[in-house]
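Q: The residues making up each chain are set out below.
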Amino acid sequence: MKVLIPQVLHSYTPGREVAARGTTLAEVLADLDRQFPGIRFRIVDEQDRIRAHMRFFVGGEAVRDLSQPLGESDEVIIVQALSGG
Amino acid sequence: MAYFEVVVLVATRKGAWIYRGDARRTDWRVDGPHFLGHIIHHLVLDPRDGRTLLAAAKTGHLGPTVFRSTDLGCTWKEAARPPAFAKAADGTGRAVDHTFWLTPSHPEEPGVWYAGTSPQGLFRSEDGGVSWTPFSAINEDPQYRAWMGTVQDGTPDGPKLHSILVDPRDPRHLYFAMSGGGVHESMDGGERFAPFVKGLEVVEGFDPADPTFHDPHCVRLCPSRPDRLYQQNHCGIYRIDRPSDTWVRVGRNMPASVGDIGFPLVVHPRDADTVWVFPMDGQTVWPRTCPEGRPSVYMTRDAGASWQRLDRGMPPTQVWWTVKRQAMSADGLDPLGLYFGTTSGELWLSRNEGGEWTCVAQHLPEIYAVEVLALQAGVSPP
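Line by line, the protein sequences give chains L and V. Heads up, the first sequence is in our numbering, so the first residue is 1 and it goes up one at a time. Heads up, the second sequence is in our numbering, so the first residue is 1001 and it goes up one at a time.
No wet-lab data here; the hints were simulated from the structure. Nothing here was measured: the structure is a model prediction, and the numbers come from that model. Even for Gly, the Cβ is constructed at its ideal location relative to N, Cα and C. Warning: the hint list may mix true and false statements.
[To be verified] Listed below are the simulated SDA-like cross-link pairs for lysine to any residue, each with C-alpha atoms no more than 25 Å apart in a straight line: (1) V:K1077 - L:V63; (2) L:K2 - L:L82; (3) V:K1087 - L:K2; (4) V:K1014 - L:A52; (5) V:K1077 - L:Q68.
[Stated by the list, open to error] Selected chain V positions facing chain L (Cβ under 10 Å, derived; list incomplete): (6) D1031; (7) G1032; (8) P1033; (9) G1037; (10) K1058; (11) H1061; (12) P1064; (13) T1075; (14) A1084; (15) F1085; (16) K1087; (17) A1088; (18) V1096; (19) P1226.
All chains should be built: construct the whole structure from the sequences, respecting the hints.
A: In structure tokens:
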């Protein structure tokens, strides 16, 4: 499925849009990390908690659970909320 | 010994810069920014090879990581496995917010590094910083976890494990410090650690026997006399000479108008009686600025019995920056060069052990750490 990557993570990917496989958000993140080593840990911590300021949207809806089921036609948007100075 | 280059590593709140100077320390070439926009808490060059750099990095919105260079900063690669706590099955486990401190291990252990994190954790790499694993039992030990406290007990951006020291005579003899949580020592390569806080004062009204209440800011071991350590603490400046187990508050000998509160402390690499500190205002609400707006390094040549003000070349008044615990260092040359970086983004240098100060760089972001290494002839630069 299509995954849109925020600009702050473009150092890991060839661009804004990449493809990944998985039936859940967790599997998609694992596949992203296989393709782009290190990217998952910048988004999700070692306790599998989504890091502060990182958000996922699927079909325009916010997703906060990594076990969220996904379909092949879904599009995942990873958004990073800028904050701080 | 012939030196051909001095490398000054400046870690800041917005990236890292590398200043490379000649052996006279008069001509400087700036290399940077590296990792612009990243918070770099520590940038350390491996003295064992003179070319491997590790950078402890995060941004305001991405998880923490470690970047690694094997060509003195020409190219960088991210650690394959940055420091991270073990995953807890019940969902209550801790997550590393940032790696704060990096220490290369003993020369007999090439490739071995230690890292201290916030929240407090101790980590080790055996492959030059590529992969990191939790080290010793302290990260999950209930007693150590109690001493570490929570984020409410630590410094403004989180409690920190720092000052990881390796005895130059024995790589199994280790120290580390926690803000807060005290100083700790291991004689068996980290299998077991024990508190090492006797003689240290704590804030009035608290029990000094409880490591929780101790706040060491910076602990240094004297390379020329490894049985001697100094410490800049929240509650003063201390020295200890082993086998004594009791720290002595040598900061009592500082001028009363300046006090003995501060963060950084530098020991002379060849003279264990000589130490430099950078006092700050720790009164009332802890402004963390130069006392009375008048910056100065203070030096002792007699192991803390007396202290001398060294401010020649610095602006005399209306100065409100300070120097953080990792932001003062020495280069090892003779006469020794001293360097410090300020919270206002200035890099200062003294070529004569503090006798005269010169500002080398201005307008950098807030400086978190300054590390210096003089590269010797025979060590090939990239």
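Q: Hints first: check each against the structure and report whether it holds.
A: Hint-by-hint comparison with the structure:
1. For the given pair, K1077 of chain V sits about 31 Å from V63 of chain L by alpha-carbon distance, which is inconsistent with the 25 Å threshold.
2. Distance restraint check for K2 of chain L and L82 of chain L: the Cα-Cα separation of roughly 23 Å lies within the 25 Å cut-off, and the hinted pair is therefore satisfied.
3. With a CA separation close to 29 Å, the supplied pair K1087 of chain V and K2 of chain L exceeds the 25 Å bound.
4. At roughly 19 Å between alpha-carbon atoms, K1014 of chain V and A52 of chain L fall within 25 Å of each other, so this suggested pair holds.
5. In summary, the hint linking K1077 of chain V to Q68 of chain L is not supported, as the alpha carbons are separated by about 32 Å, beyond the 25 Å threshold.
6. Interface restraint check for D1031 of chain V: the shortest CB-CB distance to chain L comes to about 19 Å, outside 10 Å, so the restraint is violated.
7. With its C-beta approaching chain L no nearer than about 17 Å, G1032 of chain V sits outside the 10 Å limit, and its interface hint is violated.
8. The beta carbon of P1033 of chain V is not positioned within 10 Å of any beta carbon in chain L (closest approach about 15 Å), and the interface hint is therefore violated.
9. This hint holds: G1037 of chain V has a C-beta 9 Å from the nearest C-beta of chain L, less than the 10 Å allowed.
10. Of the supplied interface hints, the one on K1058 of chain V holds, with its beta-carbon coming within about 9 Å of a beta-carbon of chain L, less than 10 Å.
11. Evaluation of the H1061 of chain V hint against chain L yields a held restraint, the C-beta minimum of about 4 Å falling below 10 Å.
12. The beta carbon of P1064 of chain V comes within 8 Å of a beta carbon in chain L, closer than 10 Å, and the hint placing it at the interface holds.
13. Checking T1075 of chain V against chain L by beta carbon gives a least distance of about 13 Å; that is not within 10 Å, so the hint is violated.
14. Using the Cβ-Cβ criterion of 10 Å, the hint placing A1084 of chain V at the interface with chain L is satisfied: the shortest such distance is roughly 4 Å.
15. Annotation: interface hint on F1085 of chain V holds; nearest CB of chain L at approximately 6 Å, less than 10 Å.
16. Satisfaction of the interface hint for K1087 of chain V is found here, the shortest Cβ-Cβ separation to chain L being roughly 6 Å, below the 10 Å cut-off.
17. The restraint placing A1088 of chain V at the interface with chain L holds, with a minimum CB-CB distance near 6 Å, inside the 10 Å limit.
18. Below 10 Å, beta-carbon pairs count as interface contacts, and V1096 of chain V has one with chain L at about 7 Å; its hint therefore holds.
19. With a least beta-carbon distance of about 35 Å to chain L, the hint placing P1226 of chain V at the interface is violated under the 10 Å criterion.
Comparing the model with each numbered hint stated earlier shows that hints 1, 3, 5, 6, 7, 8, 13 and 19 do not hold.
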